[in-house]
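Number of protein chains: 2
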Amino acid sequence: MADLYLVLLHHPTVDKNGQIVTTALTNMDIHDIARSARTYGVKRFFVAHPVKALRALALKIMQHWESGYGSTYNLTRKDALGLVRLELDLDSTLTTLDRETGMRPRLVITSARGGGERVTFEQLRQELRERPEPHLIVLGTGWGLAPEVTERADVFLEPINGPTDYNHLSVRSAAAIILDRLCAPR
Amino acid sequence: MADLYLVLLHHPTVDKNGQIVTTALTNMDIHDIARSARTYGVKRFFVAHPVKALRALALKIMQHWESGYGSTYNLTRKDALGLVRLELDLDSTLTTLDRETGMRPRLVITSARGGGERVTFEQLRQELRERPEPHLIVLGTGWGLAPEVTERADVFLEPINGPTDYNHLSVRSAAAIILDRLCAPR
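Line by line, the protein sequences are chains A and B.
The first sequence begins at 1 in this note's numbering and counts up by one.
The second sequence begins at 1 in this note's numbering and counts up by one.
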């Protein structure tokens with residue numbers, strides 16, 4: 001069984017006009033995705049943001065739940081936030097993973113948009129059971145990951161399709177569904 | 001195919017000590033769950049809160065996205081928020097549904113906790129395809145729905161289980177996973 005990691009990227013992402021932007025770091029993203037990651041056995045959840053001051057702010061809020069007042073008020077949050085590591089970008093995340101595991105993970109790129117050669121959830125679910133390398137699922141913010149990131153995919157995962165043509169889930173909801181499809185017991 | 005509705009209840013819910021409480025109305029819950037509801041073809045998403053001032057505040061924020069500046073800035077949000085109706089509680093929601101559909105929906109109660117006679121996701125998925133009545137999925141906030149609500153279940157849905165024993169997903173993530181399990185095309 002492959003070890004599963006998640007990274008949430010805030011740069012380089014695109015805005016609704018396709019321009020490359022850096023998105024804001026959202027406290028709720030960290031909390032929600034950490035709880036989903038904890039539920040589905042993800043080894044670590046990296047939150048990557050290039051702005052040092054925003055990483056420092058995120059760390060301060062996390063410390064409230066991990067060692068401050070929140071750590072006694074809500075133990076389940078402390079437990080989930082223990083999976084979170086702040087990083088600069090995708091490359092710094094890969095460096096950290098390489099240092100810790102001695103392996104380069106397969107990059108699983110996600111996107112709400114269709115197109116390109118895509119791997120189905122079912123295929124990836126199977127591969128996670130059969131392959132030994134760690135897998136890093138890359139999630140974008142804003143209107144999605146920039147092409148320079150998606151081009152690095154070892155696995156380009158199919159979009160989440162509901163029965164409608166609407167494809168604007170929040171990244172928090174998308175992360176939950178992706179982990180459920182890949183990791184839920186059957 | 002049964003029409004599917006969602007309601008998010010803020011009262012009566014329990015806190016971490018099992019006391020009956022009214023939880024705060026959270027803007028992010030409305031946005032995230034509306035987007036998931038829109039993705040999976042839910043007919044309407046009711047947000048029930050007993051405090052009039054909080055319903056008024058929620059309405060004001062929704063109007064920003066539906067007819068204010070936000071409606072031109074982000075069309076996809078307007079689209080999703082069009083599904084939302086503010087209600088007082090479960091009974092006012094049922095009255096609204098009865099007036100609109102002329103039918104009493106089957107109440108599908110959700111809970112992160114195990115125990116009791118539970119219906120599996122697979123069973124409910126099948127029933128949604130075979131039964132004609134509308135189904136109303138009831139989601140709780142805080143530490144979950146109060147017993148007086150869960151006792152009214154026509155369908156008491158099994159909890160979402162990952163491969164770990166951690167069962168503290170956010171209600172936003174839980175709603176997304178529930179809809180995906182019940183409504184995603186296969």
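Honestly, I wouldn't trust all of these hints.
One copy or two, either will do: identical chains are not told apart, so a pair holds if it fits within one copy or between any two.
[As the list claims (entries may be wrong)] Once the Cα atoms are required to be at most 27 Å apart in a straight line, the calculated DSSO-like pairs of lysine-lysine come out as:
#1 K52 x K16
#2 K16 x K60
#3 K43 x K78
#4 K60 x K43
#5 K60 x K78
#6 K78 x K52
#7 K16 x K78
Keep in mind the hints are simulated off the structure, nothing from the lab.
Taking the hints in turn, this is what the structure says about them:
When the C-alpha separation of K52 and K16 is checked against a cutoff of 27 Å, the pair qualifies only within one copy, where the shortest distance is 25 Å, while the shortest distance between copies is 35 Å. For the homomeric pair K16 and K60, the shortest alpha-carbon distance between copies (24 Å) is at most 27 Å, but the shortest distance inside one copy (30 Å) is not. Taking the shortest alpha-carbon separations for K43 and K78, only the intra-copy value of 15 Å comes in at or below 27 Å, while the best inter-copy value is 36 Å. For the homomeric pair K60 and K43, the shortest alpha-carbon distance inside one copy (22 Å) is at most 27 Å, but the shortest distance between copies (41 Å) is not.
Only within a single protomer do K60 and K78 lie at most 27 Å apart by alpha-carbon distance; the minimum there is 13 Å, versus 34 Å between protomers. Within a single copy, K78 and K52 get their C-alpha atoms as close as 23 Å, which meets the 27 Å cut-off; across copies the closest is 34 Å, which misses it. Taking CA atoms no more than 27 Å apart as the test, K16 paired with K78 passes between copies only; the shortest distance there is 15 Å, against 34 Å inside one copy.
The earlier numbered hints are all upheld by this structure, with none contradicted.
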